[in-house]
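Place chain Y on chain C using the hints.
Going line by line, the protein sequences match chains C and Y. The numbering of the first sequence is our numbering, which starts it at 26 and goes up by one. The numbering of the second sequence is our numbering, which starts it at 2 and goes up by one.
Certain hints may be false.
Below, computed lysine-lysine pairings styled on DSS-like, alpha-carbon distance capped at 27 Å [stated by the list, open to error]:
hint, chain 1, residue 1, chain 2, residue 2
1, C, K200, C, K155
2, C, K197, Y, K132
3, C, K198, Y, K190
4, Y, K132, C, K198
5, C, K155, C, K197
6, C, K197, Y, K3
7, C, K108, Y, K3
8, Y, K110, Y, K125
9, Y, K110, Y, K132
10, C, K197, Y, K190
11, Y, K154, Y, K132
12, C, K205, Y, K3
13, C, K200, Y, K78
14, C, K49, C, K65
15, C, K78, Y, K3
16, C, K65, C, K108
17, C, K155, Y, K3
18, Y, K78, Y, K190
19, C, K200, Y, K3
20, Y, K190, C, K200
21, C, K198, C, K155
22, C, K198, Y, K3
If you are wondering where the hints come from, they were derived from the structure by calculation, not from laboratory data.
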Amino acid sequence: MDDAKIIALYEARDESAIAETQQKYGGYCRYIAERILACKQDAEECVNDAYHKVWNTIPPQKPESLASYVGMLTRQLSLNRYKENHRQKRGAGVVPLILDELQECIADKGDMPSVDDIALRDAMNAFLAKLPQRTRMVFMRRYWYADEVSTIAADYGMSESHVGVLLYRTRKKLKEHLEKEEIYV
Amino acid sequence: MKNERLMDVLSTVSPAYVAEAAPGNIPKRTNRGPRMIKRLLAVAAVLVLLLAATIATIGISAAEEQPLQEIPVVILKEDFDRLIAQRLDEIDAQKNTPREVKMRHMRLKSFYEFWCLEQCKSEKAYEAVLKRFPLAELSDVYAVDATASEVDKEFLLDELRSIGFTQNDLIECYERMYELVENSDVENKEEILASLPEIPERPGEE
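Looking at chain C on its own, in the form it has when it is part of the complex (with noise of 0.2 Å):
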């Protein structure tokens, strides 16, 4: 079934609209969590809590990708499980190596505020569109996905250490791109 057809499901609050979904992108949502929970019973759970926030959110949202928008809950979610389970001590998985990689992104704020969320979207946005494809693509696998420098190397054909060093530059351009545009996090 299209998106249109099952976001038509959500608006006359069919729901078989979650099974459509669970259907489509089940797979999709999944790999998600997994990469950032490493626990499938959490990475279960937050797919769930996925199709409920979906479902409790369209009306009044229509996104333009079902994909995208149930993807980008999961990964909210899944983020927020684990920032619980890390101050249980229960952290695993790939995100502490993310988490440390992206340090080296954030400028050194002195006496600047803080940006607001849209603005750093906004920013985040503007940095992805000036980048070249394979690299956008590789930075977004590594950190939106929260994929492994081997799995991202053996997709796209690079050995380890050339996806490592494109990711090091990119982090260090985006640095320097949220520094000119004066962006403190």
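What follows is chain Y alone, placed relative to chain C:
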């Protein structure tokens, strides 16, 4: 924490970028894919080989289709010498002018400052190149002198192009440098990797 906030905000970037990078959405150059595509690629590869062979018979190297776009700013000595010797042999076989060929090789080498642990011209100069390219800790390298003029660099680029040094040669040389560092046991691996030039996109990749 700030990095957690950055990670959270990443969730809200344009859905187009999320969809573009979705797992399974692999860029063109890849060794994965459905069996049918692999077969088509195999057939295409045979056709390309046939075409390359045809082009070679009329004296045009297929490599000329992807000429060098930039000079190698740092390159392993063994790679450079091997590639240049190979290319010059090809020219020699065609034109039978060995003396000119040797002169061209010497001229090309002279455009690179030659650095290695034993033969460096001076300690100060060695420190300078080591600062720019810590790779020299691991292997003998040719590096473009930091003070080289644009005219010299342009001349070097033309010379390398004229003997058939291609963009793919450059990329392979750079990739070999990355592998060399990656497979080494040096402590400052990250520093060395960061000093290496960015590997350009392969022609037709974007």
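These are the hints, each one checked on the structure:
Our distance criterion of 27 Å between C-alpha atoms is met by K200 (chain C) and K155 (chain C), whose separation comes to about 14 Å. Distance check on the hinted pair: K197 (chain C) and K132 (chain Y) sit about 19 Å apart at the alpha-carbon level, within 27 Å; holds. The straight-line distance between the Cα atoms of K198 (chain C) and K190 (chain Y) is roughly 20 Å, inside the 27 Å bound, and the hint therefore holds. Restraint check for K132 (chain Y) and K198 (chain C): the C-alpha separation of about 22 Å stays at or below 27 Å, so the hint holds.
For the suggested pair K155 (chain C) and K197 (chain C), the alpha carbons sit about 14 Å apart, so the restraint of at most 27 Å is met. The straight-line distance between the Cα atoms of K197 (chain C) and K3 (chain Y) is roughly 16 Å, inside the 27 Å bound, and the hint therefore holds. A C-alpha spacing of about 13 Å is found between K108 (chain C) and K3 (chain Y), which places the hinted pair at or below 27 Å, so the restraint holds. Distance hint between K110 (chain Y) and K125 (chain Y) is fulfilled; the C-alpha atoms sit about 21 Å from each other, no more than 27 Å.
About 22 Å separates the Cα atoms of K110 (chain Y) and K132 (chain Y), which keeps this hinted pair within 27 Å; it holds. A distance of roughly 17 Å separates the Cα atoms of K197 (chain C) and K190 (chain Y); the hinted pair therefore holds under the 27 Å criterion. The suggested pairing of K154 (chain Y) with K132 (chain Y) holds, with an alpha-carbon distance near 21 Å, which does not exceed 27 Å. Using a Cα cut-off of 27 Å, the hinted pair K205 (chain C) and K3 (chain Y) holds, with the two alpha carbons roughly 18 Å apart.
For the hint pairing K200 (chain C) with K78 (chain Y), the CA-to-CA distance comes to about 34 Å; that exceeds 27 Å, so the pair is violated. A hinted pair counts as satisfied when its Cα atoms are at most 27 Å apart, and K49 (chain C) with K65 (chain C) qualifies at roughly 19 Å. Distance hint between K78 (chain C) and K3 (chain Y) is fulfilled; the C-alpha atoms sit about 26 Å from each other, no more than 27 Å. Of the pairs offered as hints, the one joining K65 (chain C) and K108 (chain C) holds, with about 16 Å between alpha carbons and a cut-off of 27 Å not exceeded.
At roughly 23 Å between alpha-carbon atoms, K155 (chain C) and K3 (chain Y) fall within 27 Å of each other, so this suggested pair holds. A hinted pair counts as satisfied when its Cα atoms are at most 27 Å apart, and K78 (chain Y) with K190 (chain Y) qualifies at roughly 20 Å. With a CA separation close to 13 Å, the supplied pair K200 (chain C) and K3 (chain Y) stays within the 27 Å bound. The hinted pair formed by K190 (chain Y) and K200 (chain C) meets the criterion: a straight-line CA distance of about 22 Å does not exceed 27 Å.
The hinted pair formed by K198 (chain C) and K155 (chain C) meets the criterion: a straight-line CA distance of about 11 Å does not exceed 27 Å. Of the pairs offered as hints, the one joining K198 (chain C) and K3 (chain Y) holds, with about 18 Å between alpha carbons and a cut-off of 27 Å not exceeded.
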